[in-house]
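Student: First to last, the sequence lines map onto chains Z and X.
Counting in this note's numbering, the first sequence runs from 1 upward without gaps.
Counting in this note's numbering, the second sequence runs from 1 upward without gaps.
What the hints contain is simulated information worked out from the structure, not anything from laboratory work.
Since copy identity is lost for identical chains, a pair holds within one copy or between any two.
Think about it this way: if two alpha-carbon atoms lie no more than 30 Å apart in a straight line, the pair counts; the simulated DSS-like pairs of lysine-lysine are:
1. K14 / K37
2. K119 / K230
3. K288 / K14
4. K37 / K24
5. K262 / K232
6. K262 / K119
7. K288 / K24
8. K14 / K321
As the structure is a prediction and not an experimental result, all values here were calculated from the model.
Number of protein chains: 2
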Amino acid sequence: MIRCGIVGYGFLGKRLASYLTRYKARGLALTILANSKGYLYSPTGFDSDSLPADIISHSGFRASNPVEVIGRGLVDLLVVLTPTNVYSGEPGLTYVREALKSGVDVVTADKGPLVVAFKELTSLAGSMGVSLCYEATVGGGIPIFSLARHSLRGDRILSIKGILNGTTNYILSRMHFEGLPLDLALQEAQMMGLAERDPSLDLEGIDSACKVVILANALLDLNKRLEDVKVKGITQVTSDAILAAKELGMTIKLVGSIEGGKLSVAPRLVRLNHPLCVHGSLNAIQFKLEILGDLTLIGRGAGESTLSALLSDIEWILAQKEASKGGR
Amino acid sequence: MIRCGIVGYGFLGKRLASYLTRYKARGLALTILANSKGYLYSPTGFDSDSLPADIISHSGFRASNPVEVIGRGLVDLLVVLTPTNVYSGEPGLTYVREALKSGVDVVTADKGPLVVAFKELTSLAGSMGVSLCYEATVGGGIPIFSLARHSLRGDRILSIKGILNGTTNYILSRMHFEGLPLDLALQEAQMMGLAERDPSLDLEGIDSACKVVILANALLDLNKRLEDVKVKGITQVTSDAILAAKELGMTIKLVGSIEGGKLSVAPRLVRLNHPLCVHGSLNAIQFKLEILGDLTLIGRGAGESTLSALLSDIEWILAQKEASKGGR
Numbered sequence: 001m002i003r004c005g006i007v008g009y010g011f012l013g014k015r016l017a018s019y020l021t022r023y024k025a026r027g028l029a030l031t032i033l034a035n036s037k038g039y040l041y042s043p044t045g046f047d048s049d050s051l052p053a054d055i056i057s058h059s060g061f062r063a064s065n066p067v068e069v070i071g072r073g074l075v076d077l078l079v080v081l082t083p084t085n086v087y088s089g090e091p092g093l094t095y096v097r098e099a100l101k102s103g104v105d106v107v108t109a110d111k112g113p114l115v116v117a118f119k120e121l122t123s124l125a126g127s128m129g130v131s132l133c134y135e136a137t138v139g140g141g142i143p144i145f146s147l148a149r150h151s152l153r154g155d156r157i158l159s160i161k162g163i164l165n166g167t168t169n170y171i172l173s174r175m176h177f178e179g180l181p182l183d184l185a186l187q188e189a190q191m192m193g194l195a196e197r198d199p200s201l202d203l204e205g206i207d208s209a210c211k212v213v214i215l216a217n218a219l220l221d222l223n224k225r226l227e228d229v230k231v232k233g234i235t236q237v238t239s240d241a242i243l244a245a246k247e248l249g250m251t252i253k254l255v256g257s258i259e260g261g262k263l264s265v266a267p268r269l270v271r272l273n274h275p276l277c278v279h280g281s282l283n284a285i286q287f288k289l290e291i292l293g294d295l296t297l298i299g300r301g302a303g304e305s306t307l308s309a310l311l312s313d314i315e316w317i318l319a320q321k322e323a324s325k326g327g328r
Numbered sequence: 001m002i003r004c005g006i007v008g009y010g011f012l013g014k015r016l017a018s019y020l021t022r023y024k025a026r027g028l029a030l031t032i033l034a035n036s037k038g039y040l041y042s043p044t045g046f047d048s049d050s051l052p053a054d055i056i057s058h059s060g061f062r063a064s065n066p067v068e069v070i071g072r073g074l075v076d077l078l079v080v081l082t083p084t085n086v087y088s089g090e091p092g093l094t095y096v097r098e099a100l101k102s103g104v105d106v107v108t109a110d111k112g113p114l115v116v117a118f119k120e121l122t123s124l125a126g127s128m129g130v131s132l133c134y135e136a137t138v139g140g141g142i143p144i145f146s147l148a149r150h151s152l153r154g155d156r157i158l159s160i161k162g163i164l165n166g167t168t169n170y171i172l173s174r175m176h177f178e179g180l181p182l183d184l185a186l187q188e189a190q191m192m193g194l195a196e197r198d199p200s201l202d203l204e205g206i207d208s209a210c211k212v213v214i215l216a217n218a219l220l221d222l223n224k225r226l227e228d229v230k231v232k233g234i235t236q237v238t239s240d241a242i243l244a245a246k247e248l249g250m251t252i253k254l255v256g257s258i259e260g261g262k263l264s265v266a267p268r269l270v271r272l273n274h275p276l277c278v279h280g281s282l283n284a285i286q287f288k289l290e291i292l293g294d295l296t297l298i299g300r301g302a303g304e305s306t307l308s309a310l311l312s313d314i315e316w317i318l319a320q321k322e323a324s325k326g327g328r
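Could you build all of it, start to finish, from the sequences and the hints given here?
Tutor: Rendered as structure tokens:
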């Protein structure tokens with residue numbers, strides 16, 4: 001039985017926990033539910049009817065640092081869903097690092113640890129012979145890393161472009177279609193729950209830049225950090241500029257790009273009939289491949305779709321474990 | 001050493017052969033080059049400078065049916081690139097079937113065998129413990145089957161829609177953007193080498209229908225044949241109809257669809273800003289997934305990109321063999 005823990009028991013953590021209770025027959029028991037304050041432990045694994053609505057107020061709650069859970073050898077697989085700090089990587093960075101050091105497989109949706117310490121963490125995972133999966137960190141549910149790992153192996157990625165932030169894409173789409181000024185479109189996005197708590201990370205392109213860093217390190221074998229990305233956000237984009245673009249059959253999108261070893265995020269003119277030109281809160285990513293040419297993936301960039309990415313990573317780890325156990 | 005044979009030594013076969021000569025260090029030797037008339041055999045594998053421009057006029061040419069090559073145990077992996085016959089499946093069907101029966105892994109770009117005998121062939125592969133890979137049959141280089149196999153495992157495909165034929169999409173795009181009538185756009189496509197020898201299979205939706213059959217059987221575990229698809233081609237689509245759609249922010253596309261167990265191909269109105277709405281000879285496929293929602297892939301549907309799909313399949317088979325050999 002693979003013992004799985006979740007650190008971060010918010011909306012996403014609860015939804016994931018609910019799905020994972022169905023995995024018992026597949027050999028995965030959800031034994032730990034943790035947040036930064038402490039954890040609940042169920043040696044046989046939580047079931048759908050024993051899943052708590054909240055962990056701190058639950059009777060079995062043990063106040064503790066999640067690192068102790070790892071140190072005590074209570075889990076084989078840790079899912080890290082901590083809030084993202086793109087500068088320190090914490091608290092996720094410590095949890096991911098300690099888990100890998102202890103030989104625990106890690107699945108994470110937190111960009112912070114990867115932006116701050118990609119090479120350190122992937123090298124650590126490699127030397128410990130464990131998996132570090134982060135499909136959920138870029139493009140929501142679009143299976144970018146899985147696709148590259150499994151499906152593009154006979155080819156070579158030359159460059160990457162993407163619309164990687166749903167909030168700014170929603171805002172720019174509303175400006176394009178309705179002629180709204182940026183501040184009104186932002187208010188609308190906030191009312192719809194599409195803008196994060198601090199919209200500046202989105203508007204100023206930092207969130208997109210983090211995703212560009214992860215893509216560059218993971219898929220183009222570079223060793224880049226946030227400060228290596230030339231970043232310009234959308235705060236200077238006006239409705240007039242979008243209107244002028246529209247008259248030429250184009251629009252303005254916030255495009256992250258990795259080309260010739262250079263990383264950038266900036267508002268760019270994109271043709272309206274270009275595959276990357278998606279609207280609303282959709283994300284899109286385009287690989288330029290040596291043989292295949294351009295391959296574009298489009299999907300929901302956030303919310304429920306992130307769950308799909310986490311489950312895909314967990315399935316991959318289960319398959320790896322089955323393969324090594326079964327001898328093939 | 002894995003001994004690989006190619007049946008079908010036309011443009012695609014030659015390009016693939018050229019790539020595969022680089023795989024010797026990876027443990028794959030290209031030992032057989034065949035067409036319907038006979039074969040060339042190199043026990044140690046062809047090298048880039050020993051690859052013939054043509055096999056029939058080559059000194060070592062042996063007149064023979066490719067089935068004999070399989071029967072004589074000269075290959076471990078057969079790549080079938082025969083011309084497609086969607087009604088009989090031949091000659092590819094016989095080669096694929098005989099290879100699988102002999103315990104030979106198969107990679108094919110020929111839709112015919114799969115449209116005619118999908119369940120028979122996949123069951124045969126399963127019972128013989130060998131692989132049957134057909135990434136190149138649908139969507140050119142877009143890694144549709146690989147993506148579904150590896151990257152969507154925690155999710156469930158509910159329905160599929162796609163623009164699966166580059167020729168008709170090119171024609172409809174020219175009608176949309178230039179206002180050309182269908183016959184002129186077709187002539188243009190033929191001059192550009194985008195229309196196949198017999199354009200009726202494309203124009204009447206048969207090629208798209210074949211791809212819909214393969215998608216339905218492979219990804220939705222149905223057991224459908226060509227006659228189960230309700231097919232309408234683009235021959236009745238007029239520039240006027242496209243113009244009328246355009247005024248409403250839409251266009252007409254030939255859409256293949258699998259929904260609620262029903263398979264169809266027909267010209268459909270598609271919003272210009274819908275992710276599926278790609279132009280020129282591009283292909284697009286959209287999965288509706290239980291958790292992830294809509295996921296769209298866009299890429300080149302034919303030509304060189306097919307090579308990428310073949311290499312991806314071959315890489316997958318190599319990885320499987322390495323895994324079973326290495327004990328994990």
